[in-house]
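Novice: In order, the protein sequence lines correspond to chains F and W. Position 62 of the first sequence, counted from 1, bears residue number 164 in my numbering, the numbering being contiguous throughout. Position 10 of the second sequence, counted from 1, bears residue number 112 in my numbering, the numbering being contiguous throughout.
Any given hint might turn out to be false.
One copy or two, either will do: identical chains are not told apart, so a pair holds if it fits within one copy or between any two.
Stated by the list, open to error - Below, simulated SDA-like cross-link-like pairs (lysine to any residue); rule was C-alpha separation at most 20 Å, straight line:
hint	residue 1	residue 2
1	Lys186	Arg116
2	Lys186	Ala154
3	Lys118	Tyr133
4	Lys186	Ala153
5	Lys118	Lys186
6	Lys186	Gly163
7	Lys159	Lys186
8	Lys186	Leu157
9	Lys186	Leu148
10	Lys186	Met126
11	Lys118	Ala144
12	Lys159	Gln175
13	Lys118	Leu148
14	Lys159	Leu180
15	Lys146	Leu180
16	Lys146	Gln182
17	Lys159	Asp179
These aren't lab readings, by the way, just hints derived from the structure by calculation. From a predicted model like this one, the values you see are computed outputs, not experimental measurements.
Each chain, written out:
There are 2 protein chains.
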Amino acid sequence: MHLISYDIGNDRLRLKAANALLRMGLHRLQYSVFMGELGEAALKHLEAELAALALEKAWVGASDSILILPLHQYSEDLIQFIGKAPERWDEMTGQAHTIMI
Amino acid sequence: MHLISYDIGNDRLRLKAANALLRMGLHRLQYSVFMGELGEAALKHLEAELAALALEKAWVGASDSILILPLHQYSEDLIQFIGKAPERWDEMTGQAHTIMI
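Let's have the full structure, built from the sequences with the hints guiding it.
Specialist: Following this line, the structure appears as structure tokens:
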């Protein structure tokens, strides 16, 4: 399981990033936070695709960033969500401890 | 180590969330993504503070959310950042694999 989040100012680049993540089957947890299972090949492909975004002219070196965080089962077991749980949240995180308000 | 991210539409609530996270010594990795060490008591306090935000009138139940993700050493070892590394990134994640562009 991986969590990937981004800060990307340019609309076109941000959309490209979101589409790349969704295409790889990641779930959108929050506007700029995605999570899901990635095989080794898929992860390599995605890393290359995202790194390429940072080479585009519209990338703002002073502020844009993408975080790629491999998650351990420990995180999946203890993850908490305050507020609206994402769609297919249960299916995604079988054992998640969700705080429903 | 914990990662905490939020989607909060209301400016005042979002600022309250950010201030609560920064006050607890978390580092701002991205606009709405924070990371840092939290002791058990600090975590409990923060969880209560954040859960209280979701009870305020300005909280939008249909879209606002806060994600609290405990991180395993595994994540800290393998974390990657594409683009601008956050301030004090090295100090924060000793062994992080950072892709600097």
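Novice: May I ask which of the numbered hints given earlier this structure violates, with the numbers listed in increasing order?
Specialist: 10, 12, 14 and 17
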